[in-house]
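A.B. asks: Chain by chain, the residues run as shown.
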Amino acid sequence: MNLIKNIKANTKPKYFTNYIIVAVMLAVTLTMKMTGNLARSNATLLAQISYSIILAVSLNLVVGFLGELSLGHAGFMCVGAYLGCFVANMLHEFISSPLLVLIISMVVGGVVAAVFGFIIGLPALRLKGDYLAIVTLAFGEIVRTIFKNLKAFGGALGLDSTRYKGNLFVVGFVVVLVTLFIIQNIVRSKHGRAITAIRDNEIAARAMGINVTYYKLFVFVVAAFFAGVAGVIYGHFATPVLYSFFSYNYSIEILVMVVLGGMGNITGSIIAATAITFINFQLQTRLSGDLAALKFLVYALILIVVVIFNNAPALSAVREKFSIRRFLKSKRHPSEVHDDEAAWDRVPTKIRMDEVLSVDVIVDDPYTPDKKDPTTKGGSN
Amino acid sequence: MAEIVLETKDLGISFGGLKAVQNVNLKIEKNQLYGLIGPNGAGKTTVFNMLTGVYKPTTGTFYLCGEELKGKSQEAINHKGIARTFQNIRLFNNMSVIRNVLVGLHNQPEFKCSPVTSMLKLPKHYDTEVRMRERAKEILKIFDLYEERNNLACNLPYGKQRKLEIARALATNPKLLLLDEPAAGMNPNETEELMKTVRFIRDEFDITVLLIEHDLKFVSGLCDEVTVLNFGTALYQGKVNDALNDPEVVKAYIGG
Amino acid sequence: MTTFIDGLSLGSIYALIALGYTMVYGIAKMLNFAHGDVIMVGAYAIFSTLAVTGHPLVGVLVAVVICTVLGVVMEKLAYKPLRGASPLAVLITAIGVSYLLQSIAQLIYGSKSRAITLGNFESIKIGSVSISSATIITLAVGAVIMVTLTLFVKYTKVGRAMIAVSEDRGAAALMGINVNFIITITFAIGCCLAAAAGLFYLLQIPSVTPTLGSMPGIKAFTAAVIGGIGSIPGAMLGGILLGVIEKICLSIPVLAPYTTAIEFSLLIVILLVKPIGLLGKKRREKV
Amino acid sequence: MKKVLALLLVAVLCLGCFAACGGNGNNEDPANKADGENYAANNTEYVIGCTGPLTGDTASYGISVQNGAQIAIEEINANGGLNGIKFKFDMKDDKATAADAQTGYDALYEAGMQVSIGSVTSGSAKAFGEKAAEDNVFFMTPSASAANVIECGDNCFRVCFGDPDQGTIAAEELTAKYKNIGCIYDSSDAYSAGIYDAFKAKMDELKVEFNTQSFDAENKKDFSTQAEALKDCDVVFLPIYYTEAGLIAKAFAAKGSEADIFGSDGLDGVADQIDETVTANIKYITPFDVNSEEGVTAKFVKAYKEKYDGATPDQFAADGYDAIMAIYEAMKAAGVNDVTIAPSELCDKLVAAVTAEDFKLVGATGEMTWDATGACTKVPQIVELN
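Chains as they are written, first to last, in our numbering: chain F, 259 to 639; chain W, 1200 to 1455; chain L, 76 to 362; chain B, 17 to 402.
Worth flagging that the hints you see were computed from the coordinates, not collected in a lab.
Quick reminder that beta carbons are idealized off the backbone N, C-alpha and C, glycines included.
Misleading hints may appear alongside valid ones.
To be verified - Just the calculated beta-carbon pair ranges, DEER-fashion:
| id | chain 1 | residue 1 | chain 2 | residue 2 | range |
| --- | --- | --- | --- | --- | --- |
| 1 | B | ILE398 | L | LEU347 | 48 to 56 Å |
| 2 | B | GLU292 | L | PHE227 | 37 to 45 Å |
| 3 | F | LEU549 | W | SER1313 | 38 to 46 Å |
To be verified - Derived lysine-lysine pairs resembling BS3-like cross-links, with alpha carbons at most 30 Å apart:
| id | chain 1 | residue 1 | chain 2 | residue 2 |
| --- | --- | --- | --- | --- |
| 4 | L | LYS187 | B | LYS318 |
| 5 | W | LYS1320 | F | LYS270 |
| 6 | B | LYS193 | B | LYS247 |
| 7 | B | LYS376 | B | LYS394 |
| 8 | L | LYS349 | F | LYS474 |
| 9 | B | LYS104 | L | LYS187 |
| 10 | B | LYS299 | B | LYS365 |
| 11 | W | LYS1438 | W | LYS1218 |
| 12 | W | LYS1271 | W | LYS1255 |
| 13 | L | LYS356 | W | LYS1271 |
| 14 | F | LYS474 | W | LYS1218 |
| 15 | F | LYS409 | B | LYS247 |
With the rest of the complex left out, here is chain F (with noise of 0.2 Å):
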């Protein structure tokens, strides 16, 4: 009786919004599905959604809630569908199913890759900001340099993995909500708070007496983990898995899927890897022959009018304008905040470029009182 109590008092229907979406989603395509409505080529790009979307919300644990800018969300991909179609194709000399193989290939896949997340979590806790992003992006160029020359992975020819035969869409988005039920738990825990504080101001999380070096390994790992399985889906979905896929451009491609959708936003991220999966799909489909070339153009300048759109301070006006969440807003009575309503996703500060070293800057102050007392650099100045 009690848990229910605590439930209720811990539970918001905003929680479920995500796992409605990707459910509705899910429940949608499969009736076409079964009905026999679903063109093939959308369930191929189905399948690619779900990757895309595992991708973008575990890349945003990294970026969104620590606050550490990551280029290297590809490297870990690369490393979970090498391994994981490597245990796969030796599994399915002993397993009949699959499925099963391919659930197996998803955890052997993600572990290794969490391995990696633990290893690449090292640096993260010397370096900041520019200096981590091209470390990061600097793994994932390595890892892929060493898969392409490794003979026992096919080398240049790739590592020909087993394409899944039934719908791998379907396994892909119930994979998107085990991973949307982990990491927005962990989001909205006490170690999502504490993963969110050491993003606001490291210095005060470490005299709150939150062990930064763990939660910061604990992120890798768990963002690196999903980035492995998702990578296994990917070597599923298509073969060879072939170590050209993997480039850092692949990596920022999720980054962009993370900012577009807004840091911190899972249910931005979602939207927002489903998007670019689907433009992507769209102008690869249509833009056939000739017109192929001016696909870059094309996302390019959606990208650009996007971005410039959303973040230019100028336009903040036209933004305000439209808002939905104005529109949302206005229509609820004040009484009706419920508690800890304040938005996650107003992230600020954490990477700014020209605070490289600093552990935080503060913003939006205009309170903060000039120096008085410049002892802090041992009295000298």
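For this one, chain F is given, so just place chains W, L and B on it according to the hints.
C.D. replies: Frame of chain F, contents of chains W, L and B only:
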């Protein structure tokens, strides 16, 4: 003789040959309100930074309730019972007020809950969360921040930000609270109120307070004993009222 | 020894690109991911002018002008509206600009790589070592550019204003420095350097493709970070170090396939030992 | 919040997407039904599909194939098509990745593709081939030469040489004529690595020592190191493409080397990439000699130059041309007469036609025949430049 909460022995630090702080010997008794004052650049915040593990002292050591804490990490020192506020406020700006306090409660043994438990939302997770929130609300009520609990911390007025920082530090259940210029930027009314609050928390939470302050009136109204730092060394140690009569101290403050 | 000289010459290309990165970073506080593609534009500009006029020097001049203009336009259209916005947003726009430049180049010139001849470069023998005169030109001009740039930043009004803006944009503005103007100038100089890098690139690798800029871009970014991003001597040091190491790795058959991995591992090691790069400026945080 | 409008737009777009998918399936196009149905039922032309890199680093290969194929299509259509039915060529970009080859395949299949020339690069051809094998779609790749591509199924054929064959031929040729042999290959490229592996195996078998240098995609442009290491060789074997080969030839010239250059069929087109500084003797194995003055080859080269502003066709273009021609001839031989023929049905006919004893094609790359493995037999020539 009351129990000694904090004791420093010849505490000192140098940055690249420059002796920023040297030979600081403090002895703070339980439930004392102790002041650390001195002119700009005297090394007060550096002492705080050493006591909280931000800097490692190069000489000397310090003890909390008889346990040596020198060389421990910031987190470990906080777990042992030293909490602090910052000179330039360091709140978790993009988190709500209540979440700031909840972060302070993070490490309390009664709210222990492993990440796996939270990931899977086991019953214990809900139980912990509910109890943490209740505790956080109690603390916020004490500081008169309850109504603002769902606002973003950065949207609070300055005085309340200071208070929130103290509330957050207290949530870590410290034995010793370090306040770094708590009254900076406050008007006389707010200062007055702050003095009351500090006394109140000392009694309510049964803690010891060490504070840095410029405002001598504030210090003399609040503290029993002070240490005056100048150029990194202790100029004076003793009763606060006598400090203002000490010629050395006057010289350091007024110059000449 | 020849490997070493080759490395120096490759290194000075990296250094030139890294200089552009580092300057833009130091002053505009943004990572201009499109910087590598400016090199590509420069290379195509040289290619086109050469095809029309047949004169390499005219090509270089045209490339410098086009790249400089491109830098200014890029800054005005894509980055200036975002001044004050989240740096990540700017990063994403930069990536957008990079894609845009590549696809425009492909639309105009096609994706096939085009060979280009900038003239005949004799090899010069010094003892047992033979050095291509292209390498010597690269090294000499590269050195001149770097020295000029250092002097420019140190001793001219605009240069000092740049330093001021990079230290503290707000304070610089209060001191009456036109920050927008300085940022634009920085972009212009950065892109001008990229045009020079494009020329040297063509001297070494005489063919142009729409994607030629991306890998040197990333390598140069790595070089800038190794040297300490924001630091001009750091960018030079990092670039040359990277170039030499790349060449040495390539000359050892066992290591050659892993060259990229080795370079990036080196970066990680350097950053772990010195988190701010070799010559980076250390900033301490007030607590 | 900020993103709102954009997110809203995006959400609408997504909804629209699924609505559209559903809509398509239900109403507009009756043929567009679930798997197993004939998407080609409404075709008015025979549709030949293909994916290949049209953007990115390897775009030039894909574009060459596209251009070559286009020439073939125009030629066929100008001659009245097959029994009056014209052909249509549809090519999607796959950026040389497996995932995009797969989505490209699905899109093509749903758009009524009846027969395909597969995919341009080996990595994506494997993905394309597996899909095509599932649906039983005939597949005649112009240029995916890796051994495993034609192993995808009985429906998979190729126009080009297989990689291993070339390596073996090269090893035999070189050991017979030269002593000090060097080799530079692209370790990041399936084509190059495939030839190299066979070359090395053969050389080991012949017990001949040779020096190897490699490079990879990231260092594709600067070859002074490799040239420095191998400049004293008598001959350098280059199992790579012409762009890099041109650069390597220049790098050797810059180092003052007098080594001969011997290449695989990828070297075709290298003549455009070098200048007068290069004095080395360049030879390569190729079935396609762009300077040939007779037969189909000359006709193709002429048509290509006319259509593409004087550009010289390369091996990829010739292979693209031949792949289309092979399909056309096979369809003719099989007596296909139904424009809405289902891909699977067509495939069975074509496989039978192509593997028939008397089927042969005289194309831009010479005379070729096919066997049931899907491999193509044609006579390798060794072309000499300079």
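A.B. asks: Between LYS1271 of chain W and LYS1255 of chain W, is the straight-line Cα distance small enough, at 30 Å or below?
C.D. replies: holds (8 Å)
A.B. asks: Quickly compare the C-alpha distance for LYS187 of chain L and LYS318 of chain B to 30 Å and report which way the hint goes.
C.D. replies: holds (20 Å)
A.B. asks: Has the given pair, LYS409 of chain F with LYS247 of chain B, been kept, meaning a C-alpha gap of at most 30 Å?
C.D. replies: Holds. LYS409 of chain F to LYS247 of chain B sits at ~29 Å (cutoff 30 Å).
A.B. asks: Range first: 48 to 56 Å. Now tell me if the beta carbons of ILE398 of chain B and LEU347 of chain L are that far apart.
C.D. replies: holds (53 Å)
A.B. asks: Hint check: LYS193 of chain B vs LYS247 of chain B, CA-CA at most 30 Å. Holds or violated?
C.D. replies: holds (18 Å)
A.B. asks: Would you mind confirming whether the straight-line C-alpha gap from LYS356 of chain L to LYS1271 of chain W stays at or under 30 Å?
C.D. replies: Status holds; Cα separation ~28 Å.
A.B. asks: Checking one constraint from the list: CA of LYS474 of chain F to CA of LYS1218 of chain W, max 30 Å. Satisfied?
C.D. replies: Cα-Cα ~34 Å, so violated.
A.B. asks: Within 30 Å, alpha carbon to alpha carbon, are LYS1438 of chain W and LYS1218 of chain W?
C.D. replies: Holds - the C-alpha atoms of LYS1218 of chain W and LYS1438 of chain W are around 27 Å apart, at most 30 Å.
A.B. asks: In this structure, is the beta-carbon distance linking LEU549 of chain F and SER1313 of chain W contained in 38 to 46 Å?
C.D. replies: violated (54 Å)
A.B. asks: Taken at face value, is the distance from the CA of LYS474 of chain F to the CA of LYS349 of chain L at most 30 Å?
C.D. replies: Satisfied, since the Cα-Cα distance of roughly 20 Å is no more than 30 Å.
A.B. asks: Between LYS1320 of chain W and LYS270 of chain F, does the CA-CA distance stay at or below 30 Å?
C.D. replies: holds (14 Å)
A.B. asks: Need the status of pair LYS104 of chain B, LYS187 of chain L: alpha-carbon distance at most 30 Å?
C.D. replies: holds (25 Å)
Checked against the numbered hints above, the structure breaks hints 3, 10, 14 and satisfies the rest.
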